[in-house]
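Colleague: All chains, please: the whole structure from these sequences, using the hints.
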Amino acid sequence: MLAFILRRIAQSVVVLLTVGLIAFALFRLVGDPINQIVSLDTPQEQRLKIRAELGLDDPVIVQFGRYLARAAHFDFGISYQFRQPVSTLIGERMPATLELSLVAALFSLVVGIPMGVYTALRRGSALSSAFMALSLAGVSLPTFLIAILLRYVFSVQLGWLPSFGRGAVVQLGFWSTGLLTPSGLKAIILPSITLGLFQMTLIMRLVRAEMLEVLRTDYIKFARARGLSDRAIHFGHALKNTLVPVITIAGLQLGSLIAFALITEYVFQWPGMGALFLGAVQNVDIPIMAAYLMLIAFIFVMVNLVVDILYAVVDPRLRAHFQTA
Amino acid sequence: MFRKTVILAATALALTMAPAFAKTLRYANQGDLKSLDPYTLNETTTNAHLGNVYEGLTKRGKDLAIQPGLAERWETPEPTRWRFYLRKGVKFQNGEDFTADDVLFSADRVRAQGSNFQTRVPKDAKFVKVDDYTVDVVLSSPNPILNSQWDTWYIMSKKWAEANNAVAPTPAAATTPSYAALNANGTGPFKIESHQAGVKTVFKPNPGWWGKPEHNLTEVIFTPINSDATRVAALLSGEVDIIEPVPLQDIQRVNASANAQVLTGPELRTIFLGFDQTRDELLESNVKGKNPFKDPRVREAFYKAIDIEAIKTRVMRGLSTPSALMIAPELFVYSKDFVRPKLDVDGAKKLLADAGYPNGFEVGMDCPNDRYVNDGAICQAAVGMLARIGVKVNLNAQPKAQFFAKVLKSGDYKTSFYLLGWTPGTFDSHNVLFDIMGCRDNPNSNRGESNLGNYCNKKLDALTDQILVETDVEKRNQMIKEAFKIGFDDYGYIPLHQQSLAWGVAKNVKVAQRADNSVLLYWITKD
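In order, the protein sequences belong to chains B and L. Everything in the first sequence is counted per my numbering, starting at -13 for the first residue and increasing by one. Everything in the second sequence is counted per my numbering, starting at 34 for the first residue and increasing by one.
Hints are computed from structural coordinates only; laboratory data are not their basis. By construction, the Cβ of each residue, glycine as well, lies at the ideal position given by its N, Cα and C atoms. Hints are supplied without guarantee of correctness; some may be wrong.
The calculated label-pair distances, taken between Cβ atoms and stated as ranges, are [unchecked claim]:
hint: 1; chain 1: B; residue 1: Thr74; chain 2: L; residue 2: Asn127; range: 16 to 26 Å
hint: 2; chain 1: B; residue 1: Gly153; chain 2: L; residue 2: Gln63; range: 17 to 27 Å
hint: 3; chain 1: L; residue 1: Asp261; chain 2: B; residue 2: Ala(-11); range: 49 to 59 Å
hint: 4; chain 1: B; residue 1: Pro45; chain 2: L; residue 2: Pro101; range: 51 to 61 Å
hint: 5; chain 1: B; residue 1: Pro45; chain 2: L; residue 2: Gly351; range: 48 to 58 Å
hint: 6; chain 1: L; residue 1: Gln63; chain 2: B; residue 2: Ser242; range: 24 to 34 Å
hint: 7; chain 1: B; residue 1: Val267; chain 2: L; residue 2: Thr208; range: 18 to 28 Å
hint: 8; chain 1: B; residue 1: Met118; chain 2: L; residue 2: Thr208; range: 53 to 63 Å
hint: 9; chain 1: L; residue 1: Asp261; chain 2: B; residue 2: Thr74; range: 25 to 35 Å
hint: 10; chain 1: L; residue 1: Lys245; chain 2: B; residue 2: Gln157; range: 29 to 39 Å
hint: 11; chain 1: L; residue 1: Asp130; chain 2: B; residue 2: Val139; range: 50 to 60 Å
Modeller: Pasting the structure below:
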């Protein structure tokens, strides 16, 4: 078991290094950062000087090595645009992204599971058909379009919810939260629905398929034969058995919620890491791009690692396999 | 009696409190306020923001005329010596007095490594403190436009900078964060209460400001909103009071709404097309062994094939001012003497045939698609117009980061035909004649560094040098006119238009729109 975990960690490190190297190779194609650092009428000799100071003339591998050496001391450099440490900037923005992702995940579970159960039990009913049609829209409509639609209705026309931003935030130590103020709670509604809609439809369809599968099994028939109430059968036996794959998927998808929050953040001007990253791409702010990409890769790698370990813990057959391997 | 007194007192209290009723202005811009250090990035939005907090020796009025700022007046006792009389009784926001020492300090700091404003003050200009409120600037050669850009050369406090380890501007390659990037200490009408870069900045009026406020605001909350749709939605839903810019396609929608309208007006920036006139063979063309753009007839043909009215009505939705000059009419008195040659497709074809291209030719074109108003669409329209005279243009429209990396000097000017926009930083023609229309042939000079296609005429260069040192205004204007005429007759560039400003403003807000696109809080009132 220990050998397995160590091997997985070693693999994770290789993945991280590869992501970093690919990222650094790609930075050459994003454009010349100097054009974003200084104004258009800046003389060439000054530009060359800044290039040299930033070490942009060195080969990719040298730049990457230098970056790693500094990152090992948790020094991720200073942002070209803001002249502030990247770790501070990302640290300030991370709570916004994590809160948005978690609320979106919660929304997808709380709404997706009941809808899945309902559509499985009442197949063919009008409401079920409506749910299924909605889920189709959720899967096929792009995020930014949903965002614009929601905002048009609820902000511009009805004026119920704010169209951008995070509302008022409360500082709890290093963590800034918008979940404790009325304006912060109102502000998170539209972005989290936008971000979680795809997830919600995924979970709804998954629950529905699993429920239909389980409802056909012998032990459900037997439970009915014993005269158990519908409620006990549906929720006590059937739903419980569908939840294992749902939790797996929901957990794995949390990583992508965090990573893909960037479009939602951009559209709602949500002050999170994703919006910071998009701004960095537009302005060729390499230190921020590098740190963000590495962080997202790290989150994915960690989630996968934890899931792998959990599988081994949960499933004795896999454990036996590891011992022989 | 007692009751009367109470009522009177209450009324008096209410009256004195009336101006203190919260007038919070919420303002959203496409651009960020990144660093508060006024020497980090020379860019319009940043300069405008910081101009509410910091002040220069001069200011510019609503019509862009130079006015006294921290200097009450100035004179030039001899052509190479300027004397500035500083305003007395001005305090920085931390309570320190403003004196000549701060001017001398700022003159050093603005020219230091890491400053993006080094050209604001000539390298060899000497600043001499005559007394606490008089400063002499000694130049090595006469310079009639010495203070033309000093409205955005903001004066910083020497003591404050020294106390906070901010004596030098923070360069991009810094390894430690800068104090001045997060904190501001100016002399201006507003101070910064909090600043989270890229998220939110809160301004409060500076009660100790030396001038008489023209605004009635008690607080300003600035939020950058990058997405066009979000910015417009925020204005329409009443969550912000001012946005800049409003995308052209949303102008009607905003004007049709109950609570906001769009203020438009010509901007100073000139959008133009340029040709590679220096290489012996174009990088991206099917003409081999020669460069068609070296022939003025080809450039004239291109000029006459561009239907500027169609660009104005179709692409710009009426919001552009076609231009015959490389500088905005607001910035040069004789610009009305120049008229664009008329659209003439047949004439253009004939010119091409005379130049030896009866069937036209193929050429690549570089264009940004996120830098100027509808820039990509303008280029697409030009492609169609040039097709009518037989020229096949292969358009390469890309985001500004990639575009500038390719076409600027750092990218070795790798372009054959391009679109660019230019606002002279000095608001003076010399800047255009030197940077855009000057020959690039001297590697030791910065002349023509933004002349991407190297349009070159030595007669124009000679005039430019005289214009720099001529102090007689009328004589100088005549020389500028002559220089522009040379460029005009050479068809060195195809000026297209000045794009339009488009600010979305709530109906209860009044704002002065300045043609350099600076949203200045000290001219805003809210009902």
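Colleague: Next step is simple, just say for each hint if it's right about the structure.
Modeller: Do the hints match the structure? See the list:
Between threonine 74 of chain B and asparagine 127 of chain L, the C-beta spacing of about 24 Å keeps the proposed range 16 to 26 Å intact. Separation of glycine 153 of chain B from glutamine 63 of chain L is about 22 Å and conforms to the stated range, judged on CB atoms against 17 to 27 Å. Separated by about 54 Å at the C-beta atoms, aspartate 261 of chain L and alanine -11 of chain B satisfy the suggested range of 49 to 59 Å. Taking the beta carbon of each, proline 45 of chain B and proline 101 of chain L are about 54 Å apart, inside 51 to 61 Å as hinted.
In this structure the supplied range 48 to 58 Å holds for proline 45 of chain B paired with glycine 351 of chain L, their Cβ-Cβ distance being about 51 Å. Between glutamine 63 of chain L and serine 242 of chain B the beta carbons are some 29 Å apart, a value that agrees with the proposed interval 24 to 34 Å. For the hinted restraint 18 to 28 Å between valine 267 of chain B and threonine 208 of chain L, the CB-CB distance of approximately 23 Å keeps it satisfied. Between methionine 118 of chain B and threonine 208 of chain L the CB atoms are about 57 Å apart, so this pair conforms to the stated range of 53 to 63 Å.
For the pair aspartate 261 of chain L and threonine 74 of chain B, the supplied restraint of 25 to 35 Å holds, since their beta-carbon distance comes to about 29 Å. At roughly 38 Å, the beta-carbon separation of lysine 245 of chain L and glutamine 157 of chain B lies within the given 29 to 39 Å, and the hint holds. Remark: the range hint 50 to 60 Å for aspartate 130 of chain L to valine 139 of chain B is upheld by a beta-carbon distance near 56 Å.
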